[in-house]
Amino acid sequence: MSGSRLPDGGRINRSVPVEFHWDNRRVSGFKGDTLASALMAHGETIFGRSFKYHRPRGIMSAGVEESGAIVTVGRGARRDPNVKATTQEIYNGLYAKGQNAWPNVRRDLGAVNSLFSRFFSAGFYYKTFMGIPPMEWGKGTGIWMQYEKLIRKAAGMGVASREPDPDIYDHGHLFCDVLVVGSGPAGLAAAVEAAKAGLDVVLVEQDFEIGGDYLNQSNTEAEQKRAAAIAELEKHGARVMTRTTAFGLYDYGVAGLLERVTDHLSEPASHMPRQRFLTLRTRHTILATGAMERTVAFGNNDTPGIMTAAAANTYVNRFGVLPGKQIIVATNNDSAYGPALTLAKTGAEVTLLDSRTSIPGNISGLLETKGVTVKTGAAALNANGKRGISSLDLATGTHAHWTAADTQECDLLLVSGGWSPVVNLLSHRGVRPVWNTDNLCFVAPEYDEPIQMAGSACAIWGTSDCEASGQAAGAAAVAAIKGQSVSTPAPKAGGWETPIDPLYEVSVEGKHLKSFIDPQHDVTADDVRLAHQEGFVSVEHLKRYTTLGMATDQGKMGNIIGLALMAEALGKEIPQVGTTTFRPPYTPISLGALTGRGKGAHFKALRRTPMHEWNLAHGATMTEAGLWQRPWYFAREGETITEAYIRETITTRETVGLVDVTSLGKIAIQGPDATELINRVYSNAFAKLPVGKARYGIMLRDDGIVMDDGTSWRFSETDYFMTTTTAHAAKVMVFLEELLQTRWSNLKVHVTSVSEQWAGSAVAGPKSRAVLEACVADPASVSNDALPFMGVIETTLKNGVPCRIARISFSGEMAYEMYVESDYAQSMMDLLWPAAQSFDGCLYGTETLGALRIEKGHVTGVELDGRATIDDAGLGKMASEQKSYIGSALRKRPDLTRTDRPQLVGIFPKDKTEKFKAGSVLCAEDKVEGHGDGWITAVTHSPSLGHWIGLGYINGGYDQWTDQTVVAADPVRTGNTNVEIVSPHMVDPSGERMRG
Amino acid sequence: MIRINCPFCGERDHSDFTYGGDGSIVYPELDAPAEEWVEAIFQRENIRGVQTETWHHVSGCRQWLVVERDTMTHEIHSIKAAHEGVAKVLEAGK
Ligand SMILES: [Zn+2]
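Going down the list, the sequences are from chains A and B. Our numbering puts the first residue of the first sequence at 1, with every later residue one more than the last. Our numbering puts the first residue of the second sequence at 1, with every later residue one more than the last.
Careful: at least some of the hints might be erroneous.
Sample of chain B residues at the chain A side, in silico, Cβ under 10 Å [stated by the list, open to error]:
(1) Pro33
(2) Thr71
(3) Thr73
Since the hints were derived computationally from the structure, they do not count as laboratory data. The C-beta atom is built at its ideal place from N, Cα and C for all residues, glycine as well.
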């Protein structure tokens, strides 16, 4: 192929030259060119090397179905592989390279793979995983392991950048009455019809220009119709979006759109997103998605210089590029005659081979007067030429039997093997296309969706029929939305004068040909036959075994040939073989667009407590707790985290410590039946909790497993304040709402999440009461009598801020939780902290919170992990036997009451100088293997005990393991440690300190 | 994307909601025998066709809804408030 720019014609803007880079050379084109058209104008033929065999590949089409000219665009962090040169607009500074080739596509050393092609046939991967025959048959994958790296390097598509994506991507939402996909003759007519009826219309076009097939026509009438339709749409306020692909259709009229905002710009403004991922909700959809010309299997049909007939027509009429001068057109249908004429008009030498034996004289006669040589009963058999087609071996006969004929020189071969309507989007809706025997293609069946198909997407071939079809689809959409009956008749499928010939492959006996059906994945006609021989009879299995249709184009060009060859091998017809299901996306979508802005710090929501700034100002190092930022530790100058938390733990046990507990879930439970609700959801008794008291409670799930633990404070007969763990706050709230709305709607009680409304600090340690006395307006209100263990008061701080205080302890010390309205969080801390400082107290974070609670054997989410029963967690004695509650029936299931279940235990190292890690597996000393007998959930250095301690679960509980050496096995990290199993209540087991 | 017409908020994407589960289950009394609870919690039908199920408008009004949905087509046949009293009031106001 030796393409060249025609002296005039085309839609390119010849007054705006564009300079870009191709394989490290500077090339120029014009505004309106694609990378393919610009490079074709420069005589470029090889754009890439094929997936397995490194065969040279060139331009095969002029659109999204491209399987040859697949390139890498951009460099550095913006390197984008597997871009179709046929859809990439050129812009100044565009940087593009051929791919899967070294050192470049013209001289590729990987082409040596071609010599081993028999090893890479269908099922290559499956077979090599079984061992490479004959040396290793059935012996596994030894050789594979050796060669895998080599093959991976040699086979494949482009290479993605490993740097973070520097671009931004937006997500957006759209609503409309009618979505029209495709702006060709049918799509424009449909959109105009709907917009004129006053409906809100969105028209999306994947191309950078509106017009579809109008753009490929050289007559002025086509351009006038296109312009008139665009003007009409503008007049009626339709939204027209170019460079936008409807990549998927989903339930309830939801369509996924990808808008490429800056992929065609040299220097996009920094605020512009590269792409927008749009979710559109429409009442009605019109699919005017067109049809794609397919090829035919024959020898070396992947040689550069072989493309579809319609593509050549597009390059001449739209881009002003002549793809070749000595041209053969091989067709089995009428559609290639137009392109043949277009090319002949440019002065090129054109021969047309028609596989059919009789064609109407008026068409062939017309061609011959224009200098086209027409041969009937003729087809392409085998292309010659290594780096581009130089001649073609012809075959004569019929599709039933071919005989080798003479060889004809050419530099361009155009193939038309029929047309495949783009039914992909309808297929996304679960509608299986049916085979149309007149037009040899899959079309939409009858279906029940608010979707209209129009134009060549319905196998309607003529431009004016497509326009009428679009208008009818638009009218049908209007009628459906306005509840009227439809009266506009739609044209029927077809439009060719002479029936299409069922030609899918050309071969002659005794001649071995390399005939590609999926060039992107290097799948050949022989691969399909081999798959059949090896027992693959289902089309879905064929696809997976040969990888036919699994490349980036999803078999847009090759699937039908594959099905036809499979049908032939099975002795069946194509409809009996069926087709594979198309799934979104229609064309590839970058991961960046799916991610949108939700990356880095925006990957998830950020929650900060109202005393976040105060904590930072007082030296906090923060850590993540779910979505929350919480103080981790407050290091003094030069302190490590370990030194800091040990100091904080000691200080809290000796004097007093303050910790931000705002992230705990908080729920207001109010109403005459508040007590009844609480008594039903907690496993322990709550019915008799007096006003002014709090109680620790454990909630189970319906299935008897622990859901969460927390406290509930009673302020009046009808008013409770429930706290939950930080981790399960949302879950508990949802569960209470579910119970009240779906099961117990007769209960008069209201639940409200007040987690954000209240900010809290725990005040823990022997001096905690003294600190409170210094902070509240009335020190007597917090005396031991006024506020005993588990007591609750509502009172006022010295600065007049109302607060609520409960005397509850997670640390095991005498301790309080104090809450104020969130806006007063910092003023509360400004009172508490000087008071704590006057007793040499400290601020502490989650690390010390953990150390204190592990010493006490208090459980958190890591112990209440969705598998533990209340008995496993050592809290079984709290569960009431006097009442029924959520989970009370199923917690008594036999398997949940086994005495050998894993139970909560404390863990000490045998050698007190040693430490061990959370996540270690607990094993009997003589049986360090498998899942062992338990696991470690949490560890800390215990300042109270002077050595490392842990919490965990072990089968049967600590009674079963007293005086035995147990191994904390941690084989892949720090190794094994000998430990002993103790009671989980490792410090102050009688709880004297907290009752203080 | 299923679009759910919340009786309180109007039509919204299903991503506004969380799926609850089988809405046809009548939960046993809390003091019912374990066998009844086993039946209600574990013995679930995997319905092909129209199923009654609960959805929670968790990013909206936080109301639980009872929805009749076809598991094959996602077609929704009916939506009402799960709370019986509220559902009655809404029905009466129609
Ligand atoms: Zn709602």
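Item to complete: Identify whether the interface hint at Pro33/B stands, where standing means a beta carbon of chain A within less than 10 Å of its own.
Response: Check passed: Cβ of Pro33/B comes within 7 Å of chain A, closer than 10 Å.
Discussion item. Restraint: Thr71/B near chain A, CB-CB cut 10 Å. Satisfied or not?
Written reply: With Cβ-Cβ at 12 Å, over 10 Å, it is violated.
Fill in: Closest C-beta approach of Thr73/B to chain A relative to 10 Å, hint status
It holds, given that the least Cβ distance between Thr73/B and chain A is near 8 Å, below 10 Å.
Checked against the numbered hints listed earlier, the structure breaks hint 2 alone; every other hint is satisfied.
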